[in-house]
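S.K.: If you want the building blocks of each chain, they are given just below.
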Amino acid sequence: MNTVNTTITSEVGQPEEAVVPISDEKPAETVIEEGKTVGKPFADDPKFKLRDVDVFYGDTRAIKKISLDIGRNEVIAFIGPSGCGKSTFLRCLNRMNDSIDICSVKGSLHLDDHDIYDPKRDVVELRARVGMVFQKPNPFPKSIYDNVAYGPRIHGLANRKSDLDEIVENSLRKAGLWEEVKDRLDANATGMSGGQQQRLCIARAIAVSPEVVLMDEPCSALDPIATAKVEELIAELSESYTIVIVTHSMQQAARVSHRTAYFHLGHLVEVNETNKVFTSPEHELTESYITGRFG
Amino acid sequence: MPTKKDDVYGDHISHKFNDELMELKTEFLKMGGMVEAQVENAIQALVDGDGHLADEIRANDKKVDKMEVEIDEEATLIIARRQPTARDLRLVISVIKMVADLERVGDEAKKIAKLAIKLQEEGQAPRGYVEVRHIGTHVLSMLHDALDAFARLDSEQALRIMKEDKRVDEEYQAAARTLLTFMMEDTRNISRCMSVMWVLRALERVGDHACNIAENVIFMVKGEDVRHTPVEEAEKVVGR
Numbered sequence: 001m002n003t004v005n006t007t008i009t010s011e012v013g014q015p016e017e018a019v020v021p022i023s024d025e026k027p028a029e030t031v032i033e034e035g036k037t038v039g040k041p042f043a044d045d046p047k048f049k050l051r052d053v054d055v056f057y058g059d060t061r062a063i064k065k066i067s068l069d070i071g072r073n074e075v076i077a078f079i080g081p082s083g084c085g086k087s088t089f090l091r092c093l094n095r096m097n098d099s100i101d102i103c104s105v106k107g108s109l110h111l112d113d114h115d116i117y118d119p120k121r122d123v124v125e126l127r128a129r130v131g132m133v134f135q136k137p138n139p140f141p142k143s144i145y146d147n148v149a150y151g152p153r154i155h156g157l158a159n160r161k162s163d164l165d166e167i168v169e170n171s172l173r174k175a176g177l178w179e180e181v182k183d184r185l186d187a188n189a190t191g192m193s194g195g196q197q198q199r200l201c202i203a204r205a206i207a208v209s210p211e212v213v214l215m216d217e218p219c220s221a222l223d224p225i226a227t228a229k230v231e232e233l234i235a236e237l238s239e240s241y242t243i244v245i246v247t248h249s250m251q252q253a254a255r256v257s258h259r260t261a262y263f264h265l266g267h268l269v270e271v272n273e274t275n276k277v278f279t280s281p282e283h284e285l286t287e288s289y290i291t292g293r294f295g
Numbered sequence: 001m002p003t004k005k006d007d008v009y010g011d012h013i014s015h016k017f018n019d020e021l022m023e024l025k026t027e028f029l030k031m032g033g034m035v036e037a038q039v040e041n042a043i044q045a046l047v048d049g050d051g052h053l054a055d056e057i058r059a060n061d062k063k064v065d066k067m068e069v070e071i072d073e074e075a076t077l078i079i080a081r082r083q084p085t086a087r088d089l090r091l092v093i094s095v096i097k098m099v100a101d102l103e104r105v106g107d108e109a110k111k112i113a114k115l116a117i118k119l120q121e122e123g124q125a126p127r128g129y130v131e132v133r134h135i136g137t138h139v140l141s142m143l144h145d146a147l148d149a150f151a152r153l154d155s156e157q158a159l160r161i162m163k164e165d166k167r168v169d170e171e172y173q174a175a176a177r178t179l180l181t182f183m184m185e186d187t188r189n190i191s192r193c194m195s196v197m198w199v200l201r202a203l204e205r206v207g208d209h210a211c212n213i214a215e216n217v218i219f220m221v222k223g224e225d226v227r228h229t230p231v232e233e234a235e236k237v238v239g240r
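First to last, the protein sequences are chains V and Z.
At position 273 of the first sequence (counting the first as 1) the number is 273 in the working numbering, and the numbers step up by one without a gap.
At position 233 of the second sequence (counting the first as 1) the number is 233 in the working numbering, and the numbers step up by one without a gap.
Hint data in this document are derived by calculation from the structure and do not stem from the laboratory.
Nothing here was measured: the structure is a model prediction, and the numbers come from that model.
Backbone N, C-alpha and C define an ideal beta-carbon position, used for all residues, glycine too.
Please note that a few of the clues may not be correct.
[Claimed, not checked] Looking from chain Z toward chain V, a few residues come up when the C-beta cut is under 10 Å (computed):
#1 R87
#2 Y129
#3 K222
#4 G223
In isolation and in its complexed conformation, chain V is listed as follows (with noise of 0.2 Å):
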């Protein structure tokens, strides 16, 4: 039998074991068209409209040539792996990249039809309208009364002091935090939970009236109750906010958004409806994320 074996194998050239490892590996990994993103990344009158976006710190490019639209009331979900540039993206959407000094961003990104990177542009205003919340719960370390009334003082949205009693009541109401903090608003805002902290930053943030919230891993520091909570709170706000919401908890962006983005080394793979994106995925990659297969 050897020696029939030896005959066969040296007659084809290479011995037979090194067929065998080569058809067993998993395909070669799949290549992604730069530019290219599968499924509905545009929307008929969006609130925002990107195209070509470039992120760059300093020789590295952190986002490549990425388009997308974001709609008006729409809840939109940012998923990929960890350094998949999808914190980096939403950055970009108020200018968050502008106090790193080597980050520079290139392409067209407009906020209503208007430039947001137009060098004219000022900043604080953008972000009034486009307002944040991050990982970390992070509140000033003053009463949560202040807390919310910072951002209409500095804005000057309030002329009377019951006017900015109003606009703190409605904020940690839409916050679903009111019942909880209404008679302790003189208390030191560090002293709440780290759920309660957190909506205390998304009270904080729509204080000032955005027209956008986006939320980079709103949850990642909070309890299954307070995420709860949180994602709630996020249903009911898109009826008047559009939110962008970067998250590594596949579930939450399932249960929360109406579409999904797939960031993948930079690229931003597939976006489609939720609960297309969570059944049958277009593109391998997103299926191979989405089934726990890499990430």
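Since chain V is already given, all that's left is putting chain Z on it; use the hints.
M.R.: Okay, now just chain Z, sitting in the frame of chain V:
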């Protein structure tokens, strides 16, 4: 445990998850094999007038029922523990539905076994057994192919089964007409022919269940629901 690396359900980061999905698939196929044997034996028991075999089938149906419950439980646990998505989710959901189909096929086999005992006790000349054999062979091959399509995730084969179902319906109609002529020839044949008619009906239902399984295989592979749609529609989905 078959954990072939290139299996589409076997390449998660979590090996435990791989094992759970593989186990679900394996158990489903095991149940499929069991049910297939039940139908095959039921036809055999009828044609041979083998009462012992018929009794055996009735006893085995309990095992089939037990497997249905176990697989459902396994699938439920996967949903609770893993929150599967995309193709994993489609596998789990499809298995839950297809298991119900298999269980019903098991019931049809049991029904045939009961009729086999009845017909044997009545002990008259066989009528319509050619038709039973013919349709039986046909639906058994459909069931076998449906399980095979599931094992290999072959949506094209699943589509072929969907097409076969129409032919089974035609064969059933033709067989029913033949039995009708026997009944018209001699009214003493009626009771017996009615029993055979029930057997044919049961076999036709087996074909329907094989077809349901095939539709689920297409859903698993293509992510689109082709139930209650014309075959042409399913053809388009499979062609994509």
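S.K.: Now tell me, hint by hint, if it's right for this structure.
M.R.: Status of the hints after comparison with the structure:
1. Interface hint status for R87 (chain Z): upheld, as the beta-carbon distance to the closest one in chain V is roughly 6 Å, under 10 Å.
2. Taking 10 Å as the C-beta contact cut-off toward chain V, the hint placing Y129 (chain Z) at the interface is violated, the least distance being around 46 Å.
3. At its closest, the beta carbon of K222 (chain Z) sits 8 Å from a beta carbon of chain V; the interface hint therefore holds under the 10 Å criterion.
4. Taking 10 Å as the C-beta cut-off, the interface hint given for G223 (chain Z) holds, the closest approach to chain V being about 3 Å.
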